[in-house]
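Enquirer: Take a look at the letters that make up each chain.
Number of protein chains: 2
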Amino acid sequence: MTDRPVTELPLHIAVLAYPDVDELDLFGAYAVLSKAGLLARPGQVVTWIAAPRETVTGSGGAVVTAHRDLASVAEARAVVIPGGRGAAAAASDQRIGQALRDADASGARLYSVCSGALLVAGAGLAAGRRLAIHAGKTEQLRELGVEPAPGGIVREGRLCSVGGDRRPSVKSVDIAFALLDDFLPALGEPVMARTEIEPGRRAGLPVSAGEQGGARR
Amino acid sequence: MTDRPVTELPLHIAVLAYPDVDELDLFGAYAVLSKAGLLARPGQVVTWIAAPRETVTGSGGAVVTAHRDLASVAEARAVVIPGGRGAAAAASDQRIGQALRDADASGARLYSVCSGALLVAGAGLAAGRRLAIHAGKTEQLRELGVEPAPGGIVREGRLCSVGGDRRPSVKSVDIAFALLDDFLPALGEPVMARTEIEPGRRAGLPVSAGEQGGARR
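If you read the sequences in order, they're chains A and B. Going by this note's numbering, the first sequence opens with residue 186, and the numbers climb by one from there. Going by this note's numbering, the second sequence opens with residue 186, and the numbers climb by one from there.
Among the hints, erroneous ones may be present.
If chains are identical, the list can't say which one is meant, so a pair holds when it fits in one copy or spans any two.
Unchecked claim - For lysine to aspartate or glutamate, the following EDC-like pairs were computed, each having C-alpha atoms within a straight-line distance of at most 20 Å:
(1) Lys322 x Asp278
(2) Lys322 x Glu239
(3) Lys322 x Glu383
(4) Lys322 x Glu260
(5) Lys322 x Asp254
I should point out that these hints are in silico values taken from the structure, not numbers from a laboratory.
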């Protein structure tokens, strides 16, 4: 990485939850980011789960407890938006759309996983940009007016998305390391060592021509 | 895989939770196995989170809600035992040890992730056998009288463990696919396609000489 991280500490990260959110999309990112918080100095990295209700049930039946409500999303400098069977419904939830627009308006970076791209598109935040999404969800994304990108980690300005390719690595884990690369690259290696993980989709590697350089910031 | 799956349907799977359980170890396995349940016929694959209390807080601060209590572990044909910062304490929790022994006594297969091996060892279920564990936890395993195995997915009879190697793939996801390979190999491919995952540590591949063949059953 030749880019310098874009922000100073502390780093506040919201991971969005909603009914029928995918547990692996949510907790893959949450686990990596909360581990970064444990390895950083106290209060440097704070990650919380934000949801429209106190608890929501995930795609696989896990009960997900929110730490904070949707209003908290606007206070985050980075927002992770997981996919899940409820993504299409959440994409048309006006409260969620407003929360994402408020975060974007305050300069946050948004990181979508798989069908989480539908929420970014539904909030009207991806006009003229491409998002990566699960190979089976590209038509749903087009219906929201956004062009699907080739698979992998795709960056378009302050939007980062992952999906559409089948790898040994887990999309939500990889995008969490991409987020750390953006904000706190020095924390990536200690978290990888502690979790015995080598991200399969490396942040900063070009996905397709012309997509990385200028769009990085 | 030339082995036939070892059981008939339905397949009941308990994923253990305890205070300071690692969220990625727990939900990586839970998400894959619950996805298998969605793709199987109703009731064929049932996965639940079992814990000593109604809720426990994970290593990273997520509140994990149990679907069932520890007594339910004895009803499972497969038990996933995640790691986490609370693994050593859980390994000396007599109620958890008893739950694992009850499951073992009824013929269940046990699948430990990372420091989850400490719970298997603490329950006295790994005497004379080797378990894979995080590279930084090998001494803790020896103190419980169990020899650490080389990294990867390691099988010893009805015990399966993963840990000790750094890969792009996530240990808990890989061991969940190993579990499906053991019981319902036909479900592996549909779950991989749906989740866009190719397990990095393939089930059934030899980890070290002499470990697989006879120990498979």
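Enquirer: Could you run down the list of hints and mark each one as holding or not?
Expert: Status of each hint after checking the structure:
In this assembly of identical chains, Lys322 and Asp278 lie within 20 Å of each other by CA distance solely inside one copy; the values are 18 Å within and 45 Å between copies. Proximity of Lys322 to Glu239 under the C-alpha cut-off of 20 Å is found in neither arrangement, the shortest distances being 28 Å within a copy and 36 Å between copies. Taking CA atoms no more than 20 Å apart as the test, Lys322 paired with Glu383 passes between copies only; the shortest distance there is 19 Å, against 27 Å inside one copy. In this homomeric assembly, Lys322 and Glu260 never come within 20 Å of each other (Cα to Cα): the closest approach is 30 Å inside a single copy and 38 Å across copies.
Within a single copy, Lys322 and Asp254 get their C-alpha atoms no closer than 28 Å, and across copies no closer than 37 Å, so neither meets the 20 Å cut-off.
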